[in-house]
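Produce the complete structure using the sequences and hints provided.
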Amino acid sequence: MIFDWGYVWDIAPRLAEGLVVTLQATVLGMAVALTLGLVLALARRSRYRLVGWPTSALVEFVRSTPLLVQIYFLFYILPDAGLRLSPLATGVLALGLHYAAYCSEVYRAGLESVPKGQWEAAVALNLSRWRTMKDIIIPQAIPPVVPALGNYLVAMFKDTPLLSAITVLEVLQAAKLVGSETFRYVEPLTLVGVLFLVLSLLSATAIRWVEGRVRMEG
Amino acid sequence: MDAIIRVRNLHKAYGKLAVLSGVDLDVPPGETVSVIGPSGSGKSTLLRLLMTLERPDAGTLEIEGESPWTMTHQGQSVAADERHLRRVRGKVGMVFQHFNLFPHMSALANVIEAPVHVLGLSRAEAKSRALEYLAMVGLEDKTEAYPAHLSGGQKQRVAIARALAMQPKIMLFDEITSALDPELVGGILELLRALAARRTMTMVVVTHHMAFAETCSDRVLFFDRGIILEQGAPGDIFRAPRHERTRRFVESILETVR
Chain A
390 MIFDWGYVWD
400 IAPRLAEGLV
410 VTLQATVLGM
420 AVALTLGLVL
430 ALARRSRYRL
440 VGWPTSALVE
450 FVRSTPLLVQ
460 IYFLFYILPD
470 AGLRLSPLAT
480 GVLALGLHYA
490 AYCSEVYRAG
500 LESVPKGQWE
510 AAVALNLSRW
520 RTMKDIIIPQ
530 AIPPVVPALG
540 NYLVAMFKDT
550 PLLSAITVLE
560 VLQAAKLVGS
570 ETFRYVEPLT
580 LVGVLFLVLS
590 LLSATAIRWV
600 EGRVRMEG
Chain B
186 MDAIIRVRNL
196 HKAYGKLAVL
206 SGVDLDVPPG
216 ETVSVIGPSG
226 SGKSTLLRLL
236 MTLERPDAGT
246 LEIEGESPWT
256 MTHQGQSVAA
266 DERHLRRVRG
276 KVGMVFQHFN
286 LFPHMSALAN
296 VIEAPVHVLG
306 LSRAEAKSRA
316 LEYLAMVGLE
326 DKTEAYPAHL
336 SGGQKQRVAI
346 ARALAMQPKI
356 MLFDEITSAL
366 DPELVGGILE
376 LLRALAARRT
386 MTMVVVTHHM
396 AFAETCSDRV
406 LFFDRGIILE
416 QGAPGDIFRA
426 PRHERTRRFV
436 ESILETVR
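Protein sequence lines correspond, in order, to chains A and B.
Letter 187 of the first sequence, counting from 1, is numbered 576 in our numbering, and no numbers are missing.
Letter 177 of the second sequence, counting from 1, is numbered 362 in our numbering, and no numbers are missing.
Take every hint as true, because none was put in to throw you off.
Here are the simulated DMTMM-like cross-link-like pairs (lysine to aspartate or glutamate), alpha carbons at most 25 Å apart as the crow flies: (1) B:354 with B:251; (2) B:354 with B:239; (3) B:201 with A:509; (4) A:505 with B:266; (5) B:276 with B:187; (6) B:312 with B:326; (7) A:505 with B:267; (8) A:505 with B:360; (9) B:327 with B:368; (10) A:523 with B:329; (11) B:276 with A:524; (12) A:523 with B:239; (13) A:505 with B:239; (14) B:312 with A:524; (15) B:312 with B:329; (16) B:276 with A:509; (17) A:565 with A:548; (18) A:523 with B:267; (19) A:523 with B:310; (20) A:505 with B:366; (21) A:547 with A:494.
No lab work stands behind these hints, which were simulated from the structure alone.
Now the structure itself:
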């Protein structure tokens, strides 16, 4: 087995295009997961059982079924339901929903870690529920869970190749296409592995930086 | 004069543990009432119910003639909505034993938060009001400090300024010196004394400081096992208690002080 560096340089631009799609899916998926996750965490705490209970059921369902099944499900079912999205948009939705369920559990732990006295002070000052959440509880609940949320960001990044199953031309799919044209798989797949490694390490560093920032502000 | 706080046959239990078992109380506006008694006798629970942190199990509690938990709708008494609850709650403020400052906000931001978002003051108005109260509690030079950088006494001063800035008609103080180092207690009591002397608010003070209760309050309530066993003018409670348990409690506290 010979590793051909010239070949690596030839295919690099095509893999780079795939990588852009991978990063798009990660960033957009995480944006969905972080916001929807917080919404789910708050909805689960709702005093209205008609909100809280179905949310809990949804979170448990999403967490207990494989991401790949969810991706296929959305890809084949959404168009039947009249919602036509591009494969990438469908993939972002699936990743976002899946990781929102996990993030909601993380947020929940953060919300529960805020001392009872903070809620009581908010009541004594007559703050509304919404204001209490926004100004008092959430700003204290999030900094401690930044590392856990960051882990899910990296995990989601590593799950993006699953989108190749629904024809999203992300980096792994790009590598497979390159390989199938030349019957040389060593270089493209190695490159994919190296790219994931480098980017995972980079994002872990970035998360530590963010963590330091939120700690300082707190 | 009509009572600003009116409590009738108030009951509260946590699980099987009855904490309040039939409390009656009338407090006229402007009065300072000290609440004394052994720990676990229900003093703090009464304050928590007055602050609407919790609901009574039975009995009635009225602030200026209105229950926070029920309202009149088309001539009928119904469960209160959020709006009614908050309107009644807004007449009451509270200072806690453990301060409960918002740790992610500066002293000034702690004091400004509720006047801006509850009373609807502009930031500028709220800031000048906050600075006024922070100066009153002696913290004009600590307005930008975060709670983590303040001493216990300073934290409690911020908490007092924060509660005062809402200008409630009724102010509840729940053992506000109990978590402080001994050398910081005097200053806080002095502040409390000055507030009581102004007579602008009705004050209910749960305290272990008999000297404060004796010299600063119009009335002293002695709580025992979930009821107000005895109440009266400070002189009567401390020098001529009618109940044996009151006498023993007062004596035991005075002994530990001496």
